[in-house]
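Student: Line order of the protein sequences matches chains A and B.
Using our numbering, the letters of the first sequence correspond one by one to residues 571 to 681.
Using our numbering, the letters of the second sequence correspond one by one to residues 19 to 925.
Bear in mind the hints are in silico, worked out from the structure with no lab data behind them.
Computed from the model, here is a short list of chain B residues facing chain A with C-beta under 10 angstroms: (1) D48; (2) R51; (3) L54; (4) T58; (5) H59; (6) E60; (7) R68; (8) R72; (9) L75; (10) P78; (11) D79; (12) L86.
For each label pair, taking beta carbons as the anchor points, the in silico distance ranges come out as: (13) T649(A) x G229(B): 48 to 58 angstroms; (14) G32(B) x A627(A): 22 to 32 angstroms; (15) A263(B) x A627(A): 46 to 56 angstroms; (16) G623(A) x L491(B): 34 to 44 angstroms; (17) A627(A) x H877(B): 54 to 64 angstroms; (18) D633(A) x V800(B): 52 to 62 angstroms; (19) A627(A) x R123(B): 27 to 37 angstroms; (20) I387(B) x T649(A): 53 to 63 angstroms.
If you're wondering where the values come from, they're calculated on a predicted model, not measured in any experiment.
Ideal placement from N, C-alpha and C gives every residue a C-beta, glycine not left out.
Residues per chain are reported as follows:
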Amino acid sequence: MTDVKKKPHLTYVTGVVLQSIDRGHKYGFDIMDISGLPDGTVYPALRRLEAAGYLSADWEDADRARARGRPSRRYYDLTAAGRAELERARARFPAIDAISAAPTTEERRAG
Amino acid sequence: MTDGRAPWTTFARGYLLVVSVVVPGRRRSDWRREWLAELTHEAGRGRGGRFWRRVLLAIPDSIRLRLLSVRAAPPTIGAAHRAALVPSPGRMVAGLARDARQSARGLRRQPGFTTLTVLTIGFGIGAATTMFTLVDGVLLEPLPYESPDRLVAVWPERWFSASLFELLEREAESYEALAVWGPRSFTGFDDAGSERLWGARSSGDFLTLLGATPAVGRLYADVDDDAGADGGVVLTHAFWQSRYAGRADAVGSRLRIANGEMGERSLPILGVLPPRFEIQPGYYPEYRAPLDFAVTVPFDREAARYRSSEYRVVGRLRPGVSRERAAEELESLAAAWMIEHGLDDDFGESVDVVSLKEFMTGPVRPGLILLFGAVGLILVTAVVNVANLLLARGLFRQRDVSVRLALGATPRRVVRLLLAESTLLGLVGCVVGMALAVAGVGALRRLLPPTVPRLESVGLDAGALGFGVALALVTGWMIGILPGWYAGRADVRVGLVGSGARGATAGAGRRRTRATLMAAEIGLAVVLLASAGLLTRSFWRLHTLDPGFDADGLARVYVRPGAGAVGSAAEFESYFEQVDQRIEAIPGVAGAAATSQAPITGDGGVVGAYRADAAEPETPPRVRWRQVSPDYLRVVGAPLLAGRDFDRGDVAGAEPVAIISEQAARTLFPSEDPLGRRIRTGFESDTDVTVVGVTGDIRLLGPAEAVVPIVYRPYPQTGEVRERMGFAGSDIVVRTAGPLPGLQVRLRDAVREVDRLGLVASFETMPEMLSRTLEERRTTLVLLGAFAIGVLLLGAIGIYGVTGYLVRERRRELGVRLAIGASAGRVAREVLTAVLRIAAVGAGVGVAVSIALAGLLRHFVVEIAAIDVAVLTVSTALALAVAALAAFVPAVSAGRTDPVAVLAAEG
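Just chain A, same shape as in the assembly (with noise of 0.2 angstroms):
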């Protein structure tokens, strides 16, 4: 059938998803909810880009999300690959360096 570890298209959203997920912002509805990108199509690009070997995914400290009175979050972070590709992402849409250059969302409760 299909291969397998076909690369998945650069767009510009998976462009900015690995850009969010670069800048710290690990979480699947943090990262809808610092690119802006509409709900639904956030996590097919994380399938997508996990499948492809781009993504690595690990837990929060379960001590850490106990202290604050929630379950454990799946946090996703970038391979070699990943940042490879995060480096073409930033030379075809630069604008995306702008986009998730903002505070993280705990340095925002901080602030």
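Given chain A's structure and the hints, the job is docking chain B onto it.
Tutor: Leaving out everything else, chain B in the frame of chain A:
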């Protein structure tokens, strides 16, 4: 914070558990954890539409993971063997996903059929979810009080006298606390003096007992009950919002109120009740938004002894005490109390302790349950409809199925495919249904009269969502099971050989099933039409029922003298005499009269009455006590049956006289002529009043309410009562010869001529008021009627579709017959007759079921018999006519079958 979030977390957990079955096994628990964290994060920020959108996002995400995993692992030969031999949940789910994809493709190819089916299911699920939301919010959700399951209405049918309440307080062991409250007993005015407010009152511990926490300020406590305490009022949240714009400084300001027993007083505002605090069902306040506020009028136990008592008792059961035990205790205490007071009152079954929620929602419970039942029938019709369509359509898929079976698919596999298809239809229908439910709940909240208790707590929530989804799954399963069953048993040879252009025909079993389903559709339609018809007739009877007075051309207005206009009882009379005269001078006005309370305006002035020549009983029969000006009976058009009307001679100092209604005459003087006899009432317990006239009964409380006994007293003779009890104003009834536009303004001007500061409020015509009392019935009727029409339409769609398939299926036979000389008309007639025969059987069963169910409608069908031949006939005729209409087009097309084309295709 955490508390508020907990139910949403629970919901999210359950929801994700269900959705995650689609996710490949190795990722499932991971996936659930991730989404739980995400949704919890979102729920913490409020549960708007955004939250729900994101909840829905989990579904495509789960499917995406499944698809990724299918692609990710191309099956090896070994894996394929294992897959074929060993069923595993993961593979079954993968199979389901494949089935779903296949079904989706199949359904996309038939957009007409798919749309019709989805809309039908959506309509059913939408209606059912809407009614579920209503029933859940009004009947099922716990009351917003502290441990609401221990709150009870003690002896709800009893108006408590002080001695009985004291006995209960002293002796009863079932309760942690007891409190009294009185509905409808309070009228007040705000400081501006421009508006009339209605209130309710209760003992000081009442609010504490319920566990109400104030929104602002404090609620009154026991001490406010004590004699000499300043007292105070507590505002309802809604009134606080509307009048004081939710300002905190409202607390501490004063509210001026007037009441029969305590006169006019200015009371401090102590606090504001929490939102949605209510206890009294069916409260018809002056204004559409109930402005009831609880007031600490001391529960004057001596005053209550004169048995104008309007007090009810609410209790909080001790933990572990059952309602049954409390009821037994109450019964023995009541019996002892009866003996102690030498009473012989057969209170029979009424001694009971019921849950407070049941007491509050009692009046609307039957209506909601009826509508919920009706909606159930809609859903059943939708299911029957779609099942029948799928069944008919299944025939055309027989070839497809046969090929699969011939190639080695197991019947199970085929059934599963069809079930997947119907489940998919159900789920898509569910989405449509949810959209309809959102609209439906919004519409219902506007449509339902505000007297429906707890309407504010009605809203689509997680429970309703779950209900809708569960319904969709069950519906999908139910509509798929029959066609799937037949398909799984299909004969491969017939399917392969008999298929194609020639088309297969249904076997006898399948034909019977199809006919049964069709008959069921018509039967269901008849049941709903007959119920709606009965309610309509009953409603019409009530609407046109003679209220005992002439309501047409009668209007009512409330007038209260401005400050300083009236200083004594005599001035009060002359004030209203002048007002009446000015009103009568308005061109087109035929008469005006004052009364302490006009008909249909509520239930006040309730007092015990008894014969003056006998000892005062402990619980004398309760009458409605009305003060009227001499012209009153003439103006409202209540007939005088015996004796004389009031006249100008009935003044203070003359012999005290009363006119009593027929019902009062029957109650007080069962076997004697009441004329010339003397009676006493609680309001004037030391005055013997001579009965000088008997007037016809009127429906004082509304057309659907029981006739109550009334005692009329002339205004000039009740000055002492008014002074003692502080009647501040009076209703005025106005008779006009015909419709009089601008009457309200003219009435105000007429009063202003007498008293520039006078309050003129609550203008309403009597026909409007009568129709308002029937509002709940009207709403039930409108909804039930709409449901009946919905079921009829669904039935029509079903018959149309199935007949269409039937004609296509018999095309070959019809073509041959037309070729050898049958006329088109004859063929069409035959098809139509076949459908009508089935419909007639269904209608017959529907009539039988309607008759059997007639008892359930007893609550709604008043003034007419519950089995009504005319209604049944009309319902049956209507259902059959619609069936004939629905079958007409396919029948005609049957007659137009082109024999050449059919036979050519054959060759």
